[in-house]
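**Student:** Given chain L, put chain Z in place with the hints provided.
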Amino acid sequence: MVQETLTGKNLFLVEDDPLLQRLLTDKLLELKGKGLKVHAISTGEDALAIAKQTKPDLVLLDIVLPGMSGFEFLEQFRKEPASAKTPVVVLSNLNADTDKERAKSLGVIAYLVKANFSLKEISGEVEKLLLGGDTMSASAEAPDIKKTSEGTIIYL
Amino acid sequence: MKNRIKLHTKFIVLLISVSLIPLLIVASVTLVRFQKTLGEDATKLGHQLAQTATAEIGAFLVSQFGILENIAAIYQPDFPIDPKTAEGIMEVILLRSDSFADISVVDTAGKEIARKNRLLVITPEDLRDQSGTAAFDGVRSQGTYVGPVYLSAGKPLFDFGRRILDSQGQFAGAVFAQVDARIMPDVVAKISRIVEPPGRVYVVDDKGTVVAYPDLSYVLAKKSLADLPIMQSITAEHEELESSVYKNEKGDRVLAAVHPMNIELFESGAGSVPAVNWFVVTEQPEDAVFGKAREAALFSIVVSILAVLLSIAAAVFFAGKISHPIETLHAAAQEFGKGNLSYRAAVETKDEIGDLAESFNTTAGALEKTIQSLKEEEEIVEAERDKLSLILAGITNAVIAVDHGRNVVLFNRAAETLTGLTLEKALGKPIGGILALSDGTKNIDVGEYCPPKGSAGEGPVFGRENLRMVNAKGEEHFVNMISGRLHGGESINLGCVLTLEDITREYVMERTKREFVSIAAHQLRTPLTGMSWTIEALLSGEKGALNSGQKELAEGGLDALRRMLDLVNDLLDVSRIEEGRFGIKLSRQPLSLILSRVFSTFERTAAKKGIEFRAVMPEDLPPLDFDTDKIELVLNNIIDNAIMYTSAGGRVTIGAERQGSEVVIHIADTGIGIPAAESERIFTKFFRSRRALSHYTDGSGLGLFVAKNIVDQHGGRITFTSKEDVGTTFSIALPIPDPASPPPAHMPENAPSASASA
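So the protein lines, in turn, are chains L and Z.
Take 1 as the starting number for the first sequence in this note's numbering and just add one per residue.
Take 1 as the starting number for the second sequence in this note's numbering and just add one per residue.
Simulated from the structure, these hints should not be mistaken for laboratory data.
Hints are not guaranteed to be accurate.
Stated by the list, open to error - Derived pair list, reagent style EDC-like, types lysine to aspartate or glutamate, alpha-carbon separation capped at 16 Å:
#1 Z/K442 / L/E101
#2 Z/K543 / L/D26
#3 L/K120 / Z/E542
#4 Z/K429 / Z/D403
#5 L/K120 / Z/D439
Next up, chain L with everything else stripped away, as it sits in the complex:
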């Protein structure tokens, strides 16, 4: 692992379910030693507010949220020039094609159905995305579907 590369990177975890937020945060904090700063946020409104101070390097976004939905957050988020191209990964238990299409239209780079992934797989993906850097070029490629032992990550 290249520890230095995660140093100073900000990750937004937008997840309202306290248990899931706690479990994910704990798991992602294992990456903290490598310098990642995890912002656990429960609502889209808060995420927008925090994004004004801190520019995230990656956003893990739940869709079903109290107040504004993940999609509504994204619409606002993309309007800010600073975050127009910030990589966003949807992490939701919604699994409809329409949701995935909407996510794609809002520039989401990957769509993960939570239930189909282990914490370990998710943190591995996050690390890889943050280290991979050039996520935009990856998304421009034909969808690369990576099979894990538990589920399928869709790179949109």
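**Tutor:** Structure of chain Z alone, referenced to chain L:
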């Protein structure tokens, strides 16, 4: 009507001219020639009468002259007779003659030597000296003398004398007689009776003085008729057949002819001597001569008038005959023009006009029939249209027809309800302004779904489902739209017909259900995720290491949770399949990649269970068109089953081969097998073999149902062969695409849904 009169008149004038002009010419010529012939005939008659008069008067004079010769013979100087005997003979001759009134003989000096009178006794003292008289001078110079008529003792007489020659032929004296002149008026009166009164025949001398006339007074008065035009012919050369027409002194119009009366007397010893130089004039009344010509002329005139009248009548009749049919045709044409096609031109004539009328009637009849049939057709069409309207009104789907300009021409009741527009407002409007449809992301130009003019085929052409529309009243509707063109629509300017099924109710229900399923899946997954991740976190030992018993329990719980998640995912897939939303996104790719991935997925599981797991694949399989995700799901489900129902020490083999136009994937196991009795139900939803249940109770019974659906949607087949306790082989046959055909559109934005592994 103006034309008709003109035509009629023309015909009349033509017919009259044609019939009358030759008739009149012929009549006139005939009349003139007839008149001429009559004139000539009359002249001939006049001459004949003159000759008759000449002959009669001539014969009388000759006979009287003969008697005088007898006396002259007695008084010849050498004749040996005594005077007394001579006088006696002379007296006998006188008494026996009807004509003589007095006879005398003179000597060469003109002295009477003997004389006898029918009434008086002549003594020597009564003897006269006739020297110097016209009679004596005439006889002495001419040989004869015929004197003018005079009246004596109430009788018309004329002196008639001849000379006496001696044996040497020398003048030896003369013999004179007073001759009864009644013979000449009698002759001319008799002949005059032949001509029609007031015609007359008379004799004049060479000076035009009347010599013989039916009426004696003219003779005695020595009437001169020298002024009459016919007398001009006397002085001129005596041409025969001389005639002229004039009004005579009595005021009668006559045709006159003159003929010379030349009488020569024969004197024995001296030959012929001229006696008189008179002329016979015959006057026939003009009326009598030309009466026939007048009659003929009158007749001609009458005939002409009759002919004119007849001509006019005939002309009127025939002109009518000719023009009437034309007029009838004209009237018929006008009736036809007014649309009265049942009218018939009543022309009976057997000529060209009759034929024309017949053609006319035939044409009108045909036209009437055509119009009638057109009307009937129109009525049928009308009825069809009414029927169509009725049917359309009864249809619950909105039906809208547009013309080639994409303007609305037909709009049923359902369309009114759907669009919120009345028929009146919709008709003639462009379809684009009436239907505002969108497919959820973009607006649809309905006009584009109308097949362009001239495109082939008929029937439904385009169909779009689940389109959203907001109508004129602002109501939201969801519709399925089918557009089609009609056969022959071109000719009636029918562009296409749009049928819109209002599926708003169904759509909303569907959406609600879909949302429910989606939310339900979400709501089920979230706690499962929580539990799953919690156990994972516990197992990770971050919160304290677990002992082996705790770890075993935790792993069991995690396993149960995963099966739960699989079930949720399977149910979601089934739900999508049943809704028809289980979209297949084909792309052309090699099969080997997916097979090796699936193989690696199960390698560990098989090994753990003590099952031999093998993959046998040829290198040269052609690329196939398939949905990676879905086919992977199929393979996962079948391999999962194969491993599940195969005991330790058993074998699962994956293989693929080309079989004709297909690539067949085989998954063979040495498991428990499927009872033949259940083979038909194996692909049905929630079905689980009793034999399988006896081994494992936790299968969902959905895997093969989902697999079959996916393979079917690829146009492939899924089959199996099985024998209980020996094993089962599933075969998935996928069609090989034509390499020349374009590969299916690759649609990354429609990336397949993430699905659970088996």
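**Student:** For every hint, state whether the structure bears it out.
**Tutor:** Quick rundown of the hints versus the structure:
For a cut-off of 16 Å, the pair hint linking Z/K442 to L/E101 stands: about 14 Å separates their Cα positions. Restraint check: the Cα-Cα separation between Z/K543 and L/D26 comes to about 10 Å, which is no more than 16 Å; the hinted pair holds. Proximity of L/K120 to Z/E542 is assessed by CA-CA distance (about 13 Å); at most 16 Å being required, the pair is judged to hold. Taking the CA atoms of Z/K429 and Z/D403, the gap is near 10 Å; set against the 16 Å cutoff, the hint holds.
Of the supplied pair hints, the one linking L/K120 and Z/D439 is violated, its CA atoms being roughly 40 Å apart against a limit of 16 Å.
The structure fails to meet hint 5 from the earlier list, while all remaining hints are met.
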